Amino acid sequence: MEKKREMFAGENGLQGDPRLKAISEAIRVVPHFPKQGIMFQDITTLLLDHKAFKDTVDIFVDRYRDMGISVVAGVEARGFMFGPSIALAIGAKFVPLRKPKKLPGEVISEAYVLEYGTDRLEMHVGAVQPGERALVIDDLIATGGTLCAAIKLLERVGAEVVECACVIGLPEAKGQCRLNGKPLYILVEPRK
Amino acid sequence: MYVYKCISIYSPPSPSLSSLSDHHNRRLPCVPLSESNPVVHLRQTRKRRGSFVVSLSATMSACKDQDPRIHGIKTKIRVVPNFPKPGIMFQDITTLLLDPKAFKDTIDLFVERYKGKNISVVAGIEARGFIFGPPIALAIGAKFVPLRKPRKLPGEVISEEYILEYGRDCLEMHVGAVEPGDRALVVDDLIATGGTLCAAMNLLERVGAEVVECACVIELPDLKGRDRLNGKPLYILVEYH
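If you read the protein sequences in the order shown, they are chains A and B.
Quick note on numbering: the first sequence equals residues 1 to 192 in the working numbering.
Quick note on numbering: the second sequence equals residues 1 to 241 in the working numbering.
Only chain B is shown next, with the shape it has when bound in the complex:
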C-alpha cells in the first residue's frame, strides 16, 4: 500500500546503494498526504543513473497498517513497567513467543523480506536475538552466528566495545565464523539507542562482511537508534512510542 508521488529534483550522488532496495537511508521530515492516508516519510530514490526523484514511500517497517499480521504481533507484546529500573517500559517479547501463530507471522515477515536476497549470514545478538535469528537463518539458507557477551564463546574471538547509559559493555564474535564478502543480516528483538546494533555491525564489517540490513521486531523511535546505524537500513515490525 504505497502512495507514490514523484518530484524530480537534483541531488548529489549517493555513496552506495543497498542491494536490497534502492532506498537511501536518509530520513527527511514526515509529510502527511492527507488525513485519510498513512503518514509516510520522504525518501530519496535513485530512478535512473545521474538523476534522482523523490518518491513517497512507507517508512522501512512493516507497521503502519500495511500487513494484517502486524496487528496480531503488536498486541502480543507485553509492556512491563519499571523493568529493569523505574521509568523504563520494558517490551517483553516472551508473550509473543507464547502465541504460535503470532510468532510464526513474525518470522515469516522477516523471511519474506530476506529470502532470495543472497544473505549468507544471520548474526543474532545475545540473548533474544538467538530466538528470532536461527529460524530466519534456517528458512533463508544462511548460517547463524551468535554475537555474545564476553567470555561466553569458547574459541578465538574478536571483540567490540560499546557505551551503555552507565559504563561500557562488549560484544564478541568467533574468528572465522564470518568471511570477507559474506552478506549479513543483524537480528535483535528490539532497537533502543542502537549501541548494541552498532557494535554488531562493526564486528561484521571488521571481518569484511557487508551488513545488508538490521532487523528488529520492535523499535523505540524516540531514542533515535536508527540514526546510529551509520546509514545502514533498519527494518522493524512494530514501533513503541
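Isolated chain A, as found in the complex:
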C-alpha cells in the first residue's frame, strides 16, 4: 500500500524547519502584476538574502544528492536562478529549457496552454540521453502547464523525470501532488 506522499517540504521531512519560514518571509508579494487580481510571488527578494537563498538551494541539494540524478532541467528564466547551483552541488548537468528561438542549435519543442493562447518550451537535441534521471526546477508552479511541457520534453528523449521541484506552490497546484504522474516537491505556499 503506497503511503500518501506530501508535496510540501514542511509536511515531508522538514516539519518545523526554521529555514522554511525564513524562505517564505524573504519572498515579496507584488499585487496586480502582471495584471489586476494577480498577487505576484517575487523571488528576487529571496535572492537578496544570502542565507535564505543558500538555504533554498541546500534543501533541494540535500533531497536530491543521493537520488542518482544526472540532469537538472531549469525552466527559463527564473528556473535558471536555482537550477545551476543545485546541478553543481549534486554533480549533474544543467539543461536550460527555453522560450522559442533562444537556443542556437537543433531543438525539440513542446507547446503548452496559457490563459490566452499557447507558448512553447524548447530543449537542445542531444542534451539529454535516454535513461537519464532528471529533475525539473522552476521558481513557482501555478497551473502546472509549463512544468508539464518540461516533463514531456524530457520524456520524449527517453529520460525519466524523477521529480519536479519548485520554491513556491500556488493553490491551483494543491491536491495534485503529482503532475502527469510525476511527484511534485514544493518548499513554501504563496504569501498573501
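Everything labelled a hint here was simulated from the structure, so no lab data went into it.
Bear in mind that the values here come from a model prediction, so they are computed numbers and not experimental data.
All C-beta atoms in this analysis are idealised placements derived from N, C-alpha and C, irrespective of residue type, glycine included.
Accuracy of the hints is not assured; some may be wrong.
Unchecked claim - From the derived model, a few chain B residues whose C-beta atoms are all more than 10 Å from chain A:
#, residue
1, Asp92
2, Ile131
3, Ala137
4, Glu165
5, Gly181
Unchecked claim - Subject to a maximum C-alpha distance of 27 Å in a straight line, what follows is the list of computed DSS-like cross-link-like pairs (lysine-lysine):
#, chain 1, residue 1, chain 2, residue 2
6, B, Lys149, A, Lys99
7, B, Lys115, A, Lys102
8, B, Lys85, A, Lys99
9, B, Lys149, A, Lys35
Please build the complex by placing chain B on the supplied structure of chain A, with the hints as guidance.
Using the frame of chain A, we list chain B on its own:
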C-alpha cells in the same frame, strides 16, 4: 605564470584604483617577449605613491595557458554558425553546462578571484547571466540581482537604454535591490560590443554602487567591447577571435 620586467617611467597619476588589483585598465600594444613566452600586454602599475613602473603582466583573463582548467572549458563551448543570423558564429555555452566538471571549473575560477574581496552584490544579465551569477554569488556570500529585459521585474524598477546593431533595448533593475556603497560584480556569459554590460554598469552606478569588475566566460576581442566599459576592469576566461 607572470613574466615581470620593470621599467620606471613617469606617468600622470591615475584617477582611481580598483580595490581588486593595482592594474589600470589602460591597454597598450602587445609586446611579445620572445617566441617561447606567451603574448602579454603592457600595463601601468602603481608601485609606490607618486611614481609608476611599467610591468608586463598577462592580460586580465585566465586564458593564455595560465590555468589548466581553461582548456577544458574552451573545448566545451560549441560554436553554432549563422545564428541568430548569417555571418554570426554563436558561442553556445549550453554544452559547457552539460559537463559538470567544466561547469564547476568555470564557477570555481570566478569564485577564486572574487572570494574575500568584499563583493556584496553579483548582478547577472538576463538570461545566461542567471546561469553563472547565482552560483558565484552563493559561493562568495553576495546577494544576486537579476538585470532583466523590460516588464519582467514585478516591482518598481530603474531602466537603462542601450543601442543594438539595429534599434535599442533596455535593461531594468529593481529599485532597492542595490544600495549605495555596495561593491558589485557584473556577470554575463559573453561580451561582444559591450553595450549590455555598459548598461548594466550604469544601472548599478546610478544607485550608488561601485562596479568592481565585469566578468564573462567569453570575450570576442575583435568587437572591442572592453573599450566600452568606461575604464572598468574586465575578467574573462576564454577569447574567441
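How the hints compare with the structure:
Listed as outside the interface, aspartate 92 (chain B) is inconsistent with that label: its C-beta sits roughly 5 Å from the nearest C-beta of chain A, within the 10 Å cut-off. Against the 10 Å criterion, isoleucine 131 (chain B) falls within the reach of chain A, whose nearest CB is about 5 Å from its own CB. The non-interface label for alanine 137 (chain B) is inconsistent with chain A: the shortest C-beta to C-beta separation is roughly 7 Å, within 10 Å. With a closest Cβ-Cβ approach of about 17 Å to chain A, glutamate 165 (chain B) is found to remain outside the 10 Å limit, as its non-interface label requires.
With a least CB separation of 15 Å from chain A, glycine 181 (chain B) remains clear of the 10 Å interface cut-off, as annotated. Using a Cα cut-off of 27 Å, the hinted pair lysine 149 (chain B) and lysine 99 (chain A) holds, with the two alpha carbons roughly 14 Å apart. Among the hinted pairs, lysine 115 (chain B) with lysine 102 (chain A) is inconsistent with the structure: their alpha-carbon atoms are about 32 Å apart, more than 27 Å. The hinted pair formed by lysine 85 (chain B) and lysine 99 (chain A) meets the criterion: a straight-line CA distance of about 18 Å does not exceed 27 Å.
Note on lysine 149 (chain B) and lysine 35 (chain A): the hinted pairing holds, with a Cα-Cα distance of about 18 Å set against a maximum of 27 Å.
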